[in-house]
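**Student:** The primary structure of each chain is shown beneath.
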Amino acid sequence: MASAVAEAHRVLRRGGLLLDIHPTDELTSLEVWHARYQAEGSFVEAAENLEAIHRVPVGYLDHDVEMLQDFTAATDALAQALEDERRFLLERSTVFDYRYFFDSLDELTDYLEENLEYARASDDLLERAVVVMRRAGTTPKIVIVQRTAATALRRL
Amino acid sequence: MPLTEPSDLELKTIRALTDFAHKRVVEIGAGDGRLTWPFVAEAARWVALDPDPDEVDEAAKAVRLPPFPDALLLVGDGRSLSLPSDYFDIAFFSWSLC
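Residue numbers (the working numbering), protein chains in the order written: chain A, 1 to 156; chain B, 1 to 98.
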């Protein structure tokens, strides 16, 4: 990772920007969302006002430890470029939630089975999701929420 | 985890960090071009790299709809870029530094 950052520094002109998006090492959460009132189409996925969405946390996915370490290492590589090597200046950094939406438990489990190397959901977690979905007053969506960091560094 | 279509929130967050208009951009780890196509039309030049030739092929299929003459899709490794020094305005690691 440090070598990739060094290469980015090399190809950037002075004053250019390194832009990075990567997941944080926070655990990925599983939630059930539904509109507070009856809604049309993809309202829940495209909601601008989250106050109109009822979000119920269910629990956390189980991540491969090495993967979480990779996320931390990516952050460390950027920090090293800033602090130790003074190649860049921090322009701006923020975090946002990347959300994966599923219409059913089957859709979620199919996705997780195809991507077992990334994350897994315990049976207990899935059972809790079913209970929460049954209690939803409107059509629920199952949502995986992955906290993601977005950073802009100015090349010195 | 493998990503789905870019969300509005993701795109808004990226736009809040930078402006791609008339810029020379190198995107490192571009994959299937998920974060290339929302922005490539604005840039002066866009070079998208990925070490996986299959991903580059997937991204190339989208190039035709519509065509982007100033976009280059290459197989490449971010740790050793076959690109000139001091040339790009933006180096974009799109979910690839980790």
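These are computed hints drawn from the structure, not numbers from a lab.
Possibly wrong hints are sitting among the right ones.
[Said to hold, decoys possible] Which residues of chain B face chain A? A few of them, derived with a C-beta cut under 7 Å, are:
#, residue
1, 13
2, 26
3, 40
4, 81
5, 87
6, 89
7, 90
8, 95
[Said to hold, decoys possible] Computed Cβ-Cβ distance ranges for the label pairs, DEER-style:
#, chain 1, residue 1, chain 2, residue 2, range
9, B, 38, A, 114, 36 to 44 Å
10, B, 9, A, 59, 32 to 40 Å
11, A, 45, B, 19, 22 to 30 Å
12, B, 54, A, 83, 23 to 31 Å
13, B, 42, A, 83, 27 to 35 Å
14, B, 87, A, 131, 32 to 40 Å
15, B, 87, A, 122, 45 to 53 Å
16, B, 51, A, 45, 29 to 37 Å
17, A, 93, B, 86, 40 to 48 Å
18, B, 84, A, 123, 32 to 40 Å
These numbers were taken from a predicted model, which means no experiment stands behind them.
Using N, Cα and C, we set each Cβ at its ideal position, and we do this for glycine too.
**Student:** Next, verify each hint and record whether it holds.
**Tutor:** Each hint tested on the structure:
1. 13: holds (5 Å)
2. 26: Result: holds, 6 Å to nearest chain A Cβ.
3. 40: violated (14 Å)
4. 81: It holds, given that the least Cβ distance between residue 81 of chain B and chain A is near 5 Å, below 7 Å.
5. 87: Holds: closest Cβ of chain A sits about 6 Å from residue 87 of chain B, inside 7 Å.
6. 89: The hint holds - residue 89 of chain B has a Cβ within 7 Å of chain A, the shortest such distance being about 5 Å.
7. 90: holds (5 Å)
8. 95: Given a least distance of 6 Å, the restraint on residue 95 of chain B holds.
9. B/38 x A/114: 36 to 44 Å: Cβ of residue 38 of chain B to Cβ of residue 114 of chain A: about 25 Å, so the range 36 to 44 Å is violated.
10. B/9 x A/59: 32 to 40 Å: 23 Å Cβ-Cβ, so the 32 to 40 Å window is violated.
11. A/45 x B/19: 22 to 30 Å: holds (27 Å)
12. B/54 x A/83: 23 to 31 Å: Violated: the Cβ-Cβ distance is about 37 Å, outside 23 to 31 Å.
13. B/42 x A/83: 27 to 35 Å: holds (32 Å)
14. B/87 x A/131: 32 to 40 Å: For residue 131 of chain A against residue 87 of chain B, whose Cβ atoms are near 56 Å apart, the range 32 to 40 Å is violated.
15. B/87 x A/122: 45 to 53 Å: Because 49 Å falls inside the window, the suggested range holds.
16. B/51 x A/45: 29 to 37 Å: Holds, since residue 51 of chain B and residue 45 of chain A (Cβ atoms, about 31 Å apart) stay within the stated range.
17. A/93 x B/86: 40 to 48 Å: violated (25 Å)
18. B/84 x A/123: 32 to 40 Å: At roughly 54 Å between Cβ atoms, residue 123 of chain A and residue 84 of chain B fall outside 32 to 40 Å, so the hint is violated.
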